[in-house]
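*Asks:* One line per chain: the protein sequences are S and B, in this order. Plus 1 on top of the position in the first sequence (first one is 1) and you've got the numbering used here. Plus 4 on top of the position in the second sequence (first one is 1) and you've got the numbering used here.
Do not take every clue at face value.
[As the list claims (entries may be wrong)] Selected chain B positions facing chain S (Cβ under 10 angstroms, derived; list incomplete): (1) 24; (2) 29; (3) 36; (4) 41; (5) 44; (6) 46; (7) 56; (8) 71; (9) 76; (10) 86; (11) 87; (12) 88; (13) 89; (14) 94.
[What the hints assert, rightly or not] From chain B, some residues computed to sit far from chain S (all C-beta separations above 10 angstroms): (15) 12; (16) 27; (17) 63; (18) 67; (19) 68; (20) 69; (21) 72; (22) 77; (23) 78; (24) 80; (25) 82.
Keep in mind the hints are simulated off the structure, nothing from the lab. Glycine included, C-beta positions come from ideal geometry on N, C-alpha and C.
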Amino acid sequence: MDLEQYASYRVSLQSAVKRWLHDPNVSFIDVGHPEHDGKIAWDEVEVCIHVREKIPLAKLEQAIAAGKTLGRIPKEINGESVDIPKSDIFPQIWPWWGGIRTPQNPRTGHADPLNCGISLGNERRRYSYGTLGAIVEDRRTATPMLLSNWHVLAGDWGASRGQRIFQPAFADGGVEQDLVARLEREAISSNLDAAIARIESSSRRLSNEQFGIGSVDSSQAPALDQEVTKSGRASRVTRGRITTAIPGIQKMYYRGVTRYIREVWRVEPLETFEEVSRGGDSGSLWVNSWNNQAVGLHFAGANTPERALMMNIEIVLDALNVDLVTSQTIRRWNATFRGVG
Amino acid sequence: MESGLSPEQLERAQRALNEILDRFAKHPKVTAIDVGRPPGEAKTKQLVVRIFVDQVWLESDPASKDEFPTEVEGYPVQVFPDRRPHVDESTKSSSS
Chain S
2 MDLEQYASYR
12 VSLQSAVKRW
22 LHDPNVSFID
32 VGHPEHDGKI
42 AWDEVEVCIH
52 VREKIPLAKL
62 EQAIAAGKTL
72 GRIPKEINGE
82 SVDIPKSDIF
92 PQIWPWWGGI
102 RTPQNPRTGH
112 ADPLNCGISL
122 GNERRRYSYG
132 TLGAIVEDRR
142 TATPMLLSNW
152 HVLAGDWGAS
162 RGQRIFQPAF
172 ADGGVEQDLV
182 ARLEREAISS
192 NLDAAIARIE
202 SSSRRLSNEQ
212 FGIGSVDSSQ
222 APALDQEVTK
232 SGRASRVTRG
242 RITTAIPGIQ
252 KMYYRGVTRY
262 IREVWRVEPL
272 ETFEEVSRGG
282 DSGSLWVNSW
292 NNQAVGLHFA
302 GANTPERALM
312 MNIEIVLDAL
322 NVDLVTSQTI
332 RRWNATFRGV
342 G
Chain B
5 MESGLSPEQL
15 ERAQRALNEI
25 LDRFAKHPKV
35 TAIDVGRPPG
45 EAKTKQLVVR
55 IFVDQVWLES
65 DPASKDEFPT
75 EVEGYPVQVF
85 PDRRPHVDES
95 TKSSSS
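With the rest of the complex left out, here is chain S (with noise of 0.2 angstroms):
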């Protein structure tokens, strides 16, 4: 999003809450993806004013003089236009009454041992989630470490070291006890979307399993008409073929900050309307779907058309100076690092 289309979100959002916060069948306003028929548009971008209930036209003068709404909420708002999807709003902490946890989407419970495609988020961002990618292992160090992108492990130009880590990510049920990993280096610096963040845990045993895919050993270049498969939070594991011969640049905006990113190679589905990737994939690993060495590193997507944009995983690798690890080490290291931290 551009600063100019951020500032008349910012105005509209201002308004919004201005006029309509205080409203009692209104639980929370914000900006995000809209709703169409049940489904969310992540290639667009509204003022969503939630609502606990949806009151029929007809039934609205009645709502008013019983006090429940103060009114209809517009369809646009200084230029914008406004969602108004229902969802009522519960404490973030979940189960809120501290019971056993039974989550519907494995990918976004608890996991232990830390399979690899599953939610993943940081303190700053806690109504986001990204995909943890892989366990690597730190050169210098041999330290066990998460792989992600930046806009996952940091999420904002202020991140800085130490930045804790959370498995799930809060917007997925995660709470303070969840905290997983502390932001370790990035690679936005040199213009790749990744990092790292050394592992904190100590309860909780390491895999290099990608969930619904299998263990992934080591990686290999990208190459044209590659077939691929991921798996990742949000779409699950899904598959696509690369299009790319020679890695060009891309040009995106983190935050209202324009980064050029490189090595990046363009997947695309391979049927028509399969979908590639989607919202909260960020920082899945792509593999070749023949032999499971990983390929690239996703980044980013796009539905019309579908596309997913992933680096060059071999470059990410040696701009964090880390290595993808073997099941011969993930075992290793269960056996002699639960306690690291």
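Could you slot chain B onto chain S? The hints should help.
*Replies:* Coordinates of chain B only, in the frame set by chain S:
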């Protein structure tokens, strides 16, 4: 890099890509540049230098495509509309 291209083809494609990068990487409406298959044409053998540009800009003025070359040193260059890709981070506004 296993691109399936011969060293000569690769060198030619890289030269063409470099020239397009030099000329258009900072163009305000260009979103991405690389060498690959035309989008949606996975079965074609033809590789091109792909210049992705802002879809809205291109649709509002189709002639704007003309400011980009159709070939560089005999290598084909094609312009494609691009909706700005979003980082694949998801946000939740509600836990319900």
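*Asks:* With reference to the structure, classify each hint as holding or not holding.
*Replies:* Against the structure, the hints come out as follows:
Because the beta carbon of residue 24 of chain B sits about 8 angstroms from the nearest beta carbon in chain S, less than 10 angstroms, this interface hint is met. Interface restraint check: residue 29 of chain B against chain S, minimum CB-CB distance 6 angstroms, threshold 10 angstroms, status holds. Evaluation of the residue 36 of chain B hint against chain S yields a held restraint, the C-beta minimum of about 4 angstroms falling below 10 angstroms. Below 10 angstroms, beta-carbon pairs count as interface contacts, and residue 41 of chain B has one with chain S at about 5 angstroms; its hint therefore holds.
With a cut of 10 angstroms, the hint placing residue 44 of chain B at the interface with chain S holds, because the nearest CB-to-CB distance is about 7 angstroms. Evaluation of the residue 46 of chain B hint against chain S yields a held restraint, the C-beta minimum of about 6 angstroms falling below 10 angstroms. Interface hint at residue 56 of chain B: satisfied, since its Cβ lies 8 angstroms from the closest Cβ of chain S, which is below the 10 angstroms cut-off. Hint on residue 71 of chain B is violated. Least Cβ distance to chain S is approximately 17 angstroms, over the 10 angstroms limit.
The criterion of a C-beta within 10 angstroms of any C-beta in chain S is not met by residue 76 of chain B, whose closest approach is roughly 13 angstroms, and the hint is violated. Proximity of residue 86 of chain B to chain S holds as hinted, the smallest CB-CB distance being about 8 angstroms (cut-off 10 angstroms). Because the smallest distance between the Cβ of residue 87 of chain B and any Cβ of chain S comes to about 5 angstroms, under 10 angstroms, the interface hint for this residue holds. At a threshold of 10 angstroms, the smallest CB-CB gap from residue 88 of chain B to chain S is about 7 angstroms, leaving the interface hint in force.
This hint holds: residue 89 of chain B has a C-beta 4 angstroms from the nearest C-beta of chain S, less than the 10 angstroms allowed. Against a cut-off of 10 angstroms between C-beta atoms, the interface hint on residue 94 of chain B holds, since the closest Cβ of chain S lies about 3 angstroms away. Distance check for residue 12 of chain B against chain S: the nearest CB is about 14 angstroms away, which clears 10 angstroms, and the non-interface claim stands. The beta carbon of residue 27 of chain B is kept farther than 10 angstroms from every beta carbon of chain S, the shortest such distance being approximately 12 angstroms.
Its beta-carbon lying about 12 angstroms from the closest one in chain S, residue 63 of chain B satisfies the requirement of being farther than 10 angstroms from that chain. With 10 angstroms as the threshold on Cβ separation, the claim that residue 67 of chain B sits away from chain S holds: the shortest Cβ distance comes to roughly 22 angstroms. Every CB of chain S lies more than 10 angstroms from the CB of residue 68 of chain B, the least distance being 17 angstroms, so the non-interface label holds. Listed as a non-interface residue, residue 69 of chain B keeps its Cβ farther than 10 angstroms from every Cβ of chain S; the least gap is roughly 18 angstroms.
Once the 10 angstroms rule is applied to beta carbons, residue 72 of chain B is consistent with being away from chain S; the minimum gap is 14 angstroms. Against chain S, the non-interface label of residue 77 of chain B holds: every CB pair exceeds 10 angstroms, the least being about 15 angstroms. Under the 10 angstroms C-beta cut-off, the non-interface status given to residue 78 of chain B relative to chain S holds; the minimum distance is some 16 angstroms. A cut-off of 10 angstroms between C-beta atoms confirms that residue 80 of chain B is not in contact with chain S; the least separation is 13 angstroms.
Every Cβ of chain S is farther than 10 angstroms from the Cβ of residue 82 of chain B; the closest lies at roughly 13 angstroms, confirming the non-interface assignment.
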